[in-house]
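S.K.: What follows is each chain in one-letter form.
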Amino acid sequence: MRMTGAKILLECLREQQVDTIFGYPGGTILNVYDELVNYEGVIRHILTAHEQGACHAADGYARATGKVGVCFATSGPGATNLVTGIATAYLDSSPIVCITCNVAAPYLGKDSFQEVDITGVTMPITKCNYQVHDVTHLADTVREAFAIARSGRPGPVLIDIVKNVTWETAEYTPLPRSEHASAGKLHELMSRWDFKAPEPDSGDIDILCGMIRESRKPMLICGGGVVRSRAHRELTAFAHHIDAPVAVTLMGAGGIRGTDPLTTGMIGMHGSQASNIAVDNCDLLIAVGCRFSDRVALKPDTFAQHAKIVQIDIDRAEINKNVATDHHIVGDAKRVLELLMERLPEQHHDEWKAEVFAHPTETYYDERPGCMTPGQILSAIAALCPQDTIVSTDVGQHQMWAIQHFHFDYPGQLLTSGGFGTMGFSLGAAIGAKVGRPEKCVLHVTGDGGFRMNCNELATEQYYKLPIITVIFNNGVLGMVRQWQNLIYKQHYSQTTLDRGPDFVKLAEAYGLNGFRATEIGQFEEALKYALASDRGTVIDCAIDIDEMVRPMVGGGSHITDFMIY
Amino acid sequence: MNPQRNTLAVLVDNEAGVLSRVVRLFSGKGYNIESLAVGTTDDPAISRITIEVLADDQQINLLSNQLRKLICVHSVKSLRPEHAIRRELVLIKVLADHAEQRNEIIQVANIFRASIIDVSKSSLTLALIGDESKAEAIQNLLAEFGILELVRTGMVALERGQYTIDEQTKEKGEFDYGKNVL
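Chains A and C supply the protein sequences, listed in that same order. Residue numbers are given in our numbering: position 487 of the first sequence equals residue 487, and the series is strictly consecutive. Residue numbers are given in our numbering: position 136 of the second sequence equals residue 136, and the series is strictly consecutive.
None of these hints come from the bench; they were simulated from the model. One thing to keep in mind: the hints can contain errors.
Only pairs whose alpha carbons sit at most 27 Å apart, straight line, appear in this in silico DSSO-like list of lysine-lysine [stated by the list, open to error]:
id, chain 1, residue 1, chain 2, residue 2
1, A, Lys299, C, Lys29
2, C, Lys77, A, Lys185
3, A, Lys110, A, Lys217
Small disclaimer: the values here were computed from a predicted structure and weren't measured.
Chain A on its own, in the form it takes in the complex:
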């Protein structure tokens, strides 16, 4: 069938079972939006307030559902507004496909109105990107982009389509997704590379089995790879099989139940004492889907210094990148853990566990008379919200408090910008999650600084009737930066005091949402109960103390057990 590029694009999205797109129209992408009208009821388009919000929403949708998130933007500023969102998805290996349009071929390279070389801009933050000049290549390119975004270690892919391609016509033959691998350009690519994860090397598995048998103090790290591979059942079963404590990274939250008796809590800069001390004392450290970022392996030279380090990762390029390892297995976490289970007898390490769990796995924050503490707020949330609530966080103190406090039970329950640390990520991500998982309660935890960055998306939340509950930990400062200034920069609070508007309650009301202010816990509980029963979004502005800190804390570049504060 002969059709325009715009229609081919939308047909190709249907091949991928895409039913939701986040986006924002503009001059060059008009043909696509014109065609989109004919897909009403088939493809739902969520119009955000800003392209960055669309990109974070696509990312949040992907993280919460495990499917590929899709966003649309126009050329120039539309495209560059996606950049922070793409980098966020890239650093956290989240599969999204961004589709931008560019000026028509005769205008390319002439600094035309709203023209930017977006493939050049996004080269370092995408798995792959394309500029489509020929309408006959469009279908193949879209198929390849989706295959790349979701295969192996997932990540963002960008397709830039020059405007004339969207109006030019070509022959389009529908091709179900199952047959993509055997047709066109993708087939050619598949002949060079296997898109499936490699079968883990049997000899490598045996070597690790031997190491586990010899070990008296084994330890596991559950990283983001476990979450992306949805290998939570395998990891939990394996940990219990070899009776090893499990430290969880920020991205690994949900890879093992937060209440599992073997978990030692978070590891790293704000990791629990149990996790950090155990990693320092273990004799075998098996990191599953963890890239040893500088927030985990703060000082790579002394990280797990008494242990043999084994890295299990789907991405060969992560092996030995940040920490020198003694052994590695390249493969999908799920498959590797299954194979290990088959070949190992059950182990018991009661003495080692007693040593590890002698240290606290969670931080207990003291109550302060006369003011509400983050701990009180989070306890109230945990008591009132369903246990399977999806939590989206921004970046900073509230992020660490929330992750230390909540017990995440399944992959995709926590949406947080771990690698890139993007302030302003959370509201967009919460919108994406609520659109993708409407049956779940979605809680949006943020700080006053991060919320102000992208609170424009409240308009999206209101328009699409998404009852997201926003809890602002409002200390009137950039809390985490102030904490560093307090501990490291001699209390020089340079430019971190946010003593300014807006009034978040009035702001929420202005957007047509419920707004509440809470200065003590009873007020908060009442507001939260109201929010849970309401069918529209709610913003609860919670006043907390300006000098509340995240504990414990290990300074950047320090040995993992050198706590600055406990």
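Could you slot chain C onto chain A? The hints should help.
M.R.: Same frame as chain A, now just chain C:
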């Protein structure tokens, strides 16, 4: 480990933008490219890029792994100097005002098996094929006559013996997968 000059051979799609994808991996990590040569192979759809950087073995491994993750990259091999032949073409334009000078320069060229490819009343242009030690030696000798201009193609390299860039190894199998999974 001390950084040494390392040669990486990379087979890539012969398409627009591929060179910048490859090169930016080096610049993004702070490496200066000491030498770069690009050209098509016996298959016109495939180009071969030869890159030389100062790096230690561990860094070369990481760079190779990351290169292999690019969709446009078919294969990557680190060519060790002891197992590879490396050559570049150097063109040198030398000042030669007098007949004596010209004769002396021609003698030097003969010793180095460089060819004279252009001559004018006041200059000679030499073409020399070799590795950097040979180029450096002739450069030192010609300096006293006055080098007007010098240009190098960048080093190209092939492994000695029957081995090629495509041979299969366990690591390469892993890498091939890694390439798709950035």
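S.K.: Take the hints in turn and mark each one as holding or not.
M.R.: Hints versus structure:
1. A/Lys299 <-> C/Lys29: Holds, at roughly 20 Å.
2. C/Lys77 <-> A/Lys185: 25 Å, holds
3. A/Lys110 <-> A/Lys217: 63 Å, violated
Consistency note: the structure conflicts with earlier hint 3 alone.
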